[in-house]
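S.K.: So the chains spell out like this:
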Amino acid sequence: MAAKSIISRPVYGTLSPQPGKHHLFVADAEGALAITDLAAKAPAGFFGDVHIIFIPGHDGKHVAALEALKPAQFYQGHSFASALPRLKQTLANAHMGLRLYLAGTEGLIGQAMQAALEAGIDHTSIQTEHRGSLARRMQCVHCKGITENVITQPATCSHCGLLLLVRDHYSRRLAAFQGVCINAEDRSEIPPMEEIFR
Amino acid sequence: MGITFRKETFRDDFTFRNSPEHIRRFPFPFHEDSYMYAVNIEPHVVGPKGSVLENLIDVDEHYVAEMQDRALVLAEDPLRCQSLPHMTLAGWDLLELLMEQQALGYPEHFTLTRDGDRWRWINRPLGIDDSFTFGDVSTLPYGPMEYITRQSQGDFCILDQRDGNLWMDAGMVTTQADWSLDFDIGMNFFEWHAPVPLAHEKGIFTRALKFLTNIQQGKPARRLNWTMTVNPRLDTSPENYHKWGPDRATVTPENVGEKVHLRVELQSFWRLPRSNGIVFPIRCYLIKMDELVTQPKWARRLHRVIRDLPDELANYKGLTRYRPTLVEWLSKLDDGSPTSPGFGPD
Numbered sequence: 001m002a003a004k005s006i007i008s009r010p011v012y013g014t015l016s017p018q019p020g021k022h023h024l025f026v027a028d029a030e031g032a033l034a035i036t037d038l039a040a041k042a043p044a045g046f047f048g049d050v051h052i053i054f055i056p057g058h059d060g061k062h063v064a065a066l067e068a069l070k071p072a073q074f075y076q077g078h079s080f081a082s083a084l085p086r087l088k089q090t091l092a093n094a095h096m097g098l099r100l101y102l103a104g105t106e107g108l109i110g111q112a113m114q115a116a117l118e119a120g121i122d123h124t125s126i127q128t129e130h131r132g133s134l135a136r137r138m139q140c141v142h143c144k145g146i147t148e149n150v151i152t153q154p155a156t157c158s159h160c161g162l163l164l165l166v167r168d169h170y171s172r173r174l175a176a177f178q179g180v181c182i183n184a185e186d187r188s189e190i191p192p193m194e195e196i197f198r
Numbered sequence: 001m002g003i004t005f006r007k008e009t010f011r012d013d014f015t016f017r018n019s020p021e022h023i024r025r026f027p028f029p030f031h032e033d034s035y036m037y038a039v040n041i042e043p044h045v046v047g048p049k050g051s052v053l054e055n056l057i058d059v060d061e062h063y064v065a066e067m068q069d070r071a072l073v074l075a076e077d078p079l080r081c082q083s084l085p086h087m088t089l090a091g092w093d094l095l096e097l098l099m100e101q102q103a104l105g106y107p108e109h110f111t112l113t114r115d116g117d118r119w120r121w122i123n124r125p126l127g128i129d130d131s132f133t134f135g136d137v138s139t140l141p142y143g144p145m146e147y148i149t150r151q152s153q154g155d156f157c158i159l160d161q162r163d164g165n166l167w168m169d170a171g172m173v174t175t176q177a178d179w180s181l182d183f184d185i186g187m188n189f190f191e192w193h194a195p196v197p198l199a200h201e202k203g204i205f206t207r208a209l210k211f212l213t214n215i216q217q218g219k220p221a222r223r224l225n226w227t228m229t230v231n232p233r234l235d236t237s238p239e240n241y242h243k244w245g246p247d248r249a250t251v252t253p254e255n256v257g258e259k260v261h262l263r264v265e266l267q268s269f270w271r272l273p274r275s276n277g278i279v280f281p282i283r284c285y286l287i288k289m290d291e292l293v294t295q296p297k298w299a300r301r302l303h304r305v306i307r308d309l310p311d312e313l314a315n316y317k318g319l320t321r322y323r324p325t326l327v328e329w330l331s332k333l334d335d336g337s338p339t340s341p342g343f344g345p346d
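Line by line, the protein sequences give chains V and L. The first sequence: position 163 = 163 (this note's numbering), numbered continuously. The second sequence: position 216 = 216 (this note's numbering), numbered continuously.
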């Protein structure tokens with residue numbers, strides 16, 4: 001679990017079945033386990049109105065477990081980017097009564113929430129559960145480039161190359177933590193890089 | 001007679017200076033010899049003649065140079081001015097407020113004439129004479145917020161009020177003390193203040209939000225905030241921190257007086273009539289140590305404030321690297337005698 005931090009840093013809960021007409025799940029990797037845990041608490045027939053968008057990652061685990069829930073629609077994506085057009089269309093065509101559930105890495109939850117916000121869904125109505133890696137999606141405040149899967153503190157911007165302090169300050173709109181040059185005042189100071197977002 | 005606008009720069013050769021009259025009107029932010037956060041909000045009413053509160057929207061000798069510096073920042077980085085799609089009406093509210101206030105306070109420099117929706121705005125210092133239709137964005141060269149804030153000193157945040165919270169949904173932010181509009185836009189009051197140390201625990205933001213969401217039209221409020229800046233640089237954005245950060249390592253006992261500046265923000269809060277938003281102008285005043293210490297009371301008091309500031313606050317304000325040099329320099333101007341109550345010079 002992520003440690004307690006500042007107020008802008010997202011906090012995640014535990015997925016639970018919500019009253020609604022349709023249920024859209026977006027998950028990656030171990031996020032599948034949040035869905036199967038929810039299934040144990042779900043009323044009979046719940047998965048008859050469920051659409052799951054799942055990005056298993058390279059090991060391909062958990063696909064069978066999700067298919068066994070017999071959701072009305074199941075989609076397996078190669079990456080979040082390849083799943084995004086489908087997610088956007090689903091959100092654009094959604095009616096009142098759609099409930100959204102996001103589970104898995106922070107990067108997945110953040111980017112799926114970003115798409116939902118753009119579709120006009122209030123962030124407080126979205127169920128989230130963090131599972132798996134604590135790797136961060138980071139925006140460089142200097143060049144504005146996004147670096148995915150940041151696991152070190154500090155981290156190097158994959159666009160401009162500056163050494164960045166990965167802050168806890170988080171933007172839902174950008175679906176990213178903020179990275180700020182850690183040695184701006186004296187570039188010769190190079191703090192050790194530690195793997196802390198595992 | 002009007003204001004004599006200085007020709008000066010806030011970058012490169014840093015020719016910014018305050019005239020003797022502007023030193024005496026500087027909004028010194030410490031009413032006692034120490035500093036800690038407080039909800040120091042008070043009604044924004046007109047103050048004494050010759051003070052920065054003589055008019056509710058202050059225009060001073062730095063106006064033209066500040067507007068030139070803003071244009072340079074925006075040319076480099078247009079993301080410093082952003083407005084989410086639902087904020088256009090609030091932009092018109094702000095345009096009205098700033099045109100009315102500037103024309104009211106400085107009729108020799110600004111004139112607003114209105115015939116229904118057909119408005120004419122004359123800004124003599126910047127050589128602008130535009131006629132436009134109020135509410136029709138196609139009749140202005142920029143959106144209403146950008147148009148008027150390219151002609152008004154200070155940063156401007158427009159906050160949308162909903163769900164009992166305030167949301168940073170539009171802004172013109174080119175002279176900020178190290179926060180990013182591009183990152184914070186769309187956040188609520190607690191989220192964009194998240195990185196501020198100590199104040200959340202003291203309940204400062206909960207009380208401040210309660211106050212701000214109850215601000216009424218025609219009854220603006222204000223508070224002062226402060227930090228310090230090395231060199232008179234307006235653009236101390238996080239975006240450019242890797243460019244201005246090295247300045248902090250250049251402070252020496254010999255150049256403190258010229259390089260180190262007290263940076264005071266006069267923040268005011270106004271309810272906007274059509275959108276029900278709140279506009280939050282952040283007007284920045286800079287004064288170099290050499291200028292500030294011409295007022296002995298300010299020199300003594302600033303020495304005590306900076307010397308005794310909690311480390312967390314000093315760090316947040318970015319003073320850590322040069323604080324010892326600054327305190328040593330100021331200590332020579334502090335004979336230990338008491339300071340008179342209140343903000344003003346003796």
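There's no promise every hint is true.
[What the hints assert, rightly or not] In silico EDC-like cross-links for lysine to aspartate or glutamate, where the CA-CA straight-line distance does not exceed 16 Å:
hint	chain 1	residue 1	chain 2	residue 2
1	L	Lys243	V	Asp186
2	V	Lys70	V	Asp37
3	L	Lys243	L	Glu76
4	L	Lys332	L	Asp247
5	L	Lys297	L	Asp335
6	V	Lys144	L	Asp290
7	L	Lys317	L	Asp247
8	L	Lys332	L	Asp290
9	V	Lys144	L	Glu76
It should be emphasised that the hints constitute simulated quantities derived from the structure, not laboratory data.
S.K.: Work down the list of hints and note, for each, if the structure agrees.
M.R.: Do the hints match the structure? See the list:
no.	hint	verdict
1	Lys243(L) / Asp186(V)	holds, 11 Å
2	Lys70(V) / Asp37(V)	holds, 15 Å
3	Lys243(L) / Glu76(L)	holds, 14 Å
4	Lys332(L) / Asp247(L)	violated, 24 Å
5	Lys297(L) / Asp335(L)	holds, 10 Å
6	Lys144(V) / Asp290(L)	violated, 38 Å
7	Lys317(L) / Asp247(L)	holds, 14 Å
8	Lys332(L) / Asp290(L)	holds, 13 Å
9	Lys144(V) / Glu76(L)	holds, 14 Å
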